[in-house]
Amino acid sequence: LTITTAGSGSVTKVPDQATYTYGETVDLTAAANAGWTFSVWSGDLGGSTNPETITMDGNKSVTATFTEDQYTLTITTAGSGSVTKVPDQAMYTYGQTVDLTAVAGVGWTFSAWSGDLAGSTNPETITMDGNKSVTATFTLTIVPPTITSTSVTNATVNQLYSYDVDANGIPAPTYSLLTSPADMTINATTGLIEWTPTEAQLGLNAVTVRATNSEGTDDQSFDIDVAGIVPLIISTPVTAVFVGELYSYDVDANGIPAPTYLLLTSPAGMTINA
1 LTITTAGSGS VTKVPDQATY TYGETVDLTA AANAGWTFSV WSGDLGGSTN PETITMDGNK
61 SVTATFTEDQ YTLTITTAGS GSVTKVPDQA MYTYGQTVDL TAVAGVGWTF SAWSGDLAGS
121 TNPETITMDG NKSVTATFTL TIVPPTITST SVTNATVNQL YSYDVDANGI PAPTYSLLTS
181 PADMTINATT GLIEWTPTEA QLGLNAVTVR ATNSEGTDDQ SFDIDVAGIV PLIISTPVTA
241 VFVGELYSYD VDANGIPAPT YLLLTSPAGM TINA
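Take the sequence shown: its letters are residues 1 to 274, numbered as in UniProt numbering.
No wet-lab data here; the hints were simulated from the structure. One should not assume that every hint holds.
Unchecked claim - Computed Cβ-Cβ distance ranges for the label pairs, DEER-style:
(1) Ser151 to Asp99: 27 to 33 Å
(2) Gly244 to Ala182: 23 to 29 Å
(3) Thr260 to Asn158: 41 to 47 Å
(4) Lys85 to Thr146: 34 to 40 Å
(5) Val143 to Gly203: 35 to 41 Å
(6) Ala172 to Gly255: 29 to 35 Å
(7) Thr25 to Thr72: 37 to 43 Å
(8) Thr121 to Thr72: 19 to 25 Å
Note that the structure is a prediction, hence the values are computed from the model and not measured. Idealized CB from N, CA, C, for every residue including glycine.
Could you build the full structure based on these sequences and the hints that come with them?
In structure tokens form, the structure reads like this:
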């Protein structure tokens, strides 16, 4: 009775003898090695029953075939993040190792492995000796806000002023004005400040903006210096007059605040209403 194997395993014979007599029965048991499974008999024995019995009525040859086990590795996440597998395969064989790396999403931190892997080492290695299921847990990182933008401190009367306040923090902060001149607004979500200063607001205007989330606040205080508009003479001068007649020219100029007038160069006796 000749026994051979295909794959990784062995076969025991009972009784285990070199030769057998006519009609004697022999019990054959296929034993797979770790990571392998008995599949089928072939040669003078068929089927997949194990153990199996063969009757000796001549020289016999039997092959036991073993197939390598294939295992799945299921990865799930709790929280915001992902896990990379190296090698990244649908199936793994017995004893194969897989390197797992947890990658946290923005604002999250890897916390721990669970399931068929434990602890918080990252990256970590798992050995495949069966189907495996691993969960990577991520926790939300809460960070108080910090205003990171530089304030805009100059404005011009009657012209739109804008300053986009930026702050980091997790969760994302909201924005508000604690101190501000009349009619200034802020977008609570984006932090955009907008304001059109009036002539009454020329000079320094105090502003305090606050960024807030569940972990705290951060304030930024600054002054906005509102400048006026430089005067511009827009009238056309009168350039001729007869001797002995009154000369008159009404000078017009725009500008904020309203300009005053004076003569830098003039003939004797000429006056101007300031």
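Okay, the hints, checked on the actual structure:
1. At roughly 48 Å, the beta-carbon separation of Ser151 and Asp99 lies outside the given 27 to 33 Å, and the hint is violated.
2. Remark: the range hint 23 to 29 Å for Gly244 to Ala182 is contradicted by a beta-carbon distance near 55 Å.
3. At about 20 Å, the beta-carbon gap between Thr260 and Asn158 misses the expected band of 41 to 47 Å.
4. The hinted window of 34 to 40 Å between Lys85 and Thr146 holds, with their beta carbons roughly 37 Å apart.
5. Checking the proposed 35 to 41 Å range against Val143 and Gly203 shows it holds: the Cβ atoms sit about 38 Å from each other.
6. For the pair Ala172 and Gly255, the supplied restraint of 29 to 35 Å is violated, since their beta-carbon distance comes to about 44 Å.
7. Judged by the Cβ atoms, the range 37 to 43 Å given for Thr25 and Thr72 holds: they are separated by roughly 41 Å.
8. Distance hint check for Thr121 and Thr72: the Cβ-Cβ separation is about 23 Å, which falls inside the suggested range of 19 to 25 Å.
The structure shown violates the earlier hints numbered 1, 2, 3 and 6.
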